[in-house]
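Let chain A serve as the given structure and place chain B on it in line with the hints.
Residue numbers (the working numbering), protein chains in the order written: chain A, 1 to 354; chain B, 1 to 348.
Please note that the accuracy of each hint is not assured.
[Said to hold, decoys possible] List time: in silico DSBU-like cross-link candidates among lysine-lysine, alpha-carbon distance up to 35 angstroms: (1) B:LYS72 <-> B:LYS233; (2) A:LYS72 <-> B:LYS316; (3) B:LYS338 <-> A:LYS221; (4) A:LYS36 <-> B:LYS186; (5) A:LYS151 <-> A:LYS64; (6) A:LYS338 <-> B:LYS9; (7) B:LYS13 <-> A:LYS36; (8) B:LYS316 <-> A:LYS64; (9) A:LYS36 <-> B:LYS176; (10) A:LYS221 <-> A:LYS151; (11) A:LYS36 <-> B:LYS133; (12) A:LYS302 <-> A:LYS151; (13) B:LYS9 <-> B:LYS72; (14) B:LYS338 <-> A:LYS18; (15) B:LYS133 <-> A:LYS338; (16) B:LYS13 <-> B:LYS72; (17) B:LYS176 <-> A:LYS338; (18) B:LYS27 <-> B:LYS9; (19) A:LYS27 <-> B:LYS9; (20) B:LYS72 <-> A:LYS317; (21) B:LYS72 <-> A:LYS302; (22) B:LYS338 <-> A:LYS27; (23) A:LYS302 <-> B:LYS316.
[To be verified] Between beta-carbon pairs, the in silico distance windows are: (24) B:ARG274 <-> A:ARG29: 24 to 30 angstroms; (25) B:GLY220 <-> A:ASP17: 48 to 54 angstroms; (26) B:ALA321 <-> A:THR66: 48 to 54 angstroms.
Hint data in this document are derived by calculation from the structure and do not stem from the laboratory.
Note that the Cβ used here is the ideal one computed from N, Cα and C, for glycine as well.
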Amino acid sequence: MSELSTLLREAREGTLDKPGALELLKKVRDYSDLMKLMSVASEVRDECVGRTYKLEAFMSPITKCTTNPPCKYCRRSAGTERELLTPEEIRWGAERVAETGIKRLEIGGGTPWGGAGEAVINAVRIIKEVAPNLLIRVNVGPALTRENLLKLKELGVAEVSSNFETMNREVFREVKPGDDLNARIALAKTIDAAGLRLSTTIMVGIGSTYEDYVNHIFWLKENIRNLGRVAITVLRPIKGTPMESTPAGSVMEALKVGALARAVLRDVDLGFGGIMNDHRLIPLRAMAGGNREVHLSVLVTKSRTWLRPSISPAETKVITNGELILINYLPLITRIIKEAGMEPEVEPPSTTSR
Amino acid sequence: MADYTAILKHAVKDGLGRDEALTLLKKVRNWGSLHDLMRAASRVRDEEVGTEVKLMGFVCSITPCTTNPTCKYCFRWANPRLFSWGDVLSDEELEAGMRAIQEAGLRRAELGGGTYAGPFGRDYTLHKLRVAKHAAPRVGIWVTNVSFAPEDVALLAPLVEGITSNLESMNHATYKALRPGSDLRKRVEILVEADRLGIPTDTTLMVGLGLGGSEAPPYGEWVAFLEFVRSLKHFRILEIHPFRPTWGSPVQGMEPGSVVETLKLRAVARLMLRDVWLSGAHTVEGLMAGANLIMHAYPVTKSFRPWGHSRIFASKVRRLAGDAIVVDNLGEVTRAAKELGFSVEGGL
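The shape of chain A in the complex, shown without the other chains (with noise of 0.2 angstroms):
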């Protein structure tokens, strides 16, 4: 058994290995010992991608998911469906997500077992026409054949999603009995092979052991080569769905497997997400290693709950058209970005009133 320093100290130098890791976790108890292991990972941040905090809007939904039964954490699984944006929305959204300044843009939505590179590749090249600078992100689940992803490389696609959530078959079959865990680690597989940068995200909360978070990161070190950002992604129960009475997922966990991620993944981009998508959370997710989040700054969406009551109207600015809303909260991500000693990832807006 190491001394919880020596794990640190291995963390920070970058050796440490699965044993080690797991220890890691076990050791690192309370307060003192998280904000150790946290400041070791932001050293490592610091020296690996620097001190710049990416940020990336999110339009939502392009495809339709027809994961059946829902996985039972989701909204899906509540009875909720989303109308799909048309083209002409997409447009309009790829226009005013680039006039706020952001480089980058998450495409998202659900995963349609029958395919969904026709849709992607039209939203990419609307997307692409209107706002030809944006670092794109597709994210809608095994639903892409090579073909597709090598055309969205083509397109200028930087990076494309596989989320597992988790890599132990048994929870994931629990909480997503209509997933496939094998298509996920296919596409990932093939998004590498493919030269894309790999998006990946590990749930915190439904279930998962240490052993299978470190699990889980060292099979990402270890068998993807582009590996572009890790998500450790928060459970938030949501009302009427199988896992309503599920405590939500632990904000002291989260931190410990982001922390423990930063140090063993060392130069991929690092974010935090379910309810740890709290602009309040954000000095804590800087420190625990971060510098990349998604959902907090800007979002296109036809659902009035991405507005967010918590955040004060003077840092809420709503653009609409029809049922369309962008959401733009960046004043407020970026400032506080700084006040934490990181330097936001955006552009002086181009349009400063609509």
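Same frame as chain A, but now just chain B:
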């Protein structure tokens, strides 16, 4: 100007003077220095008040608000029913609420409400305090409604464990602009009089109150505030929150208070005030900044305003008597503390 690390090292052992506090607030400008400041504050918290997190129950409202004009950032702008007579718990509802808090094992509760001015307000408050104390004699009462004058404090003394007088800002110009119907001097005098009588006190500092977007944080003002509370011998509880402009209020266009400055100020307050109870212990970041007190635990209100009820954390709403409900949020608000290795008062 001394290096912040030297100040922190000295502050952990010997406390913090005015100039050092100012230096810290100015110099802590990135995650690394914020981390160091929070670690120092946590260490002082552990040494001065221990690692047991305190809980403060909450009952609201015991009085309506008659402040005229309404404070410009009051929640009433978003919901006019708040602090109206329709928001005031009946005696039966108050008794049920206090009993519920006592049965839950909480040792103290804050009785909040609007400022009901004049002798009617004072007498109504005294009546409600008697009802509450009789219903739950084991629960220490903190009265928060400021519906009494400084000279009335002695009348409250036998009924309460402590008195809260929330100042939020000690800048007279800010106060006058944002709370034109309220009286800062009276609120200060209440704290001073309670202290003179040996009654523990509680107040709130609101970070960013009344600031425009481009203004630098008024560190001098904040440190002067902390110095004032340090001058009170029996000061017990400090709450530091970011200003949150209320939707629909005259200040809705103002920038909210900074979450980073709030963490910094909490940590500096811990270093300066040492053994006070500092609110914010329901969050990971609050605990890391030196907090040891969870406010608004197990809140009792009228049913139209379940306090802090969050669907995310599956807190349960339970009806008590009449229209009174309690949000059983104890699991939610104590979770971060327990996970981070703290114990919770009363074994809760």
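Among the hints numbered above, which are violated by the structure, and what are their numbers in rising order? Violated: hints 4, 9, 11, 13, 15, 16.
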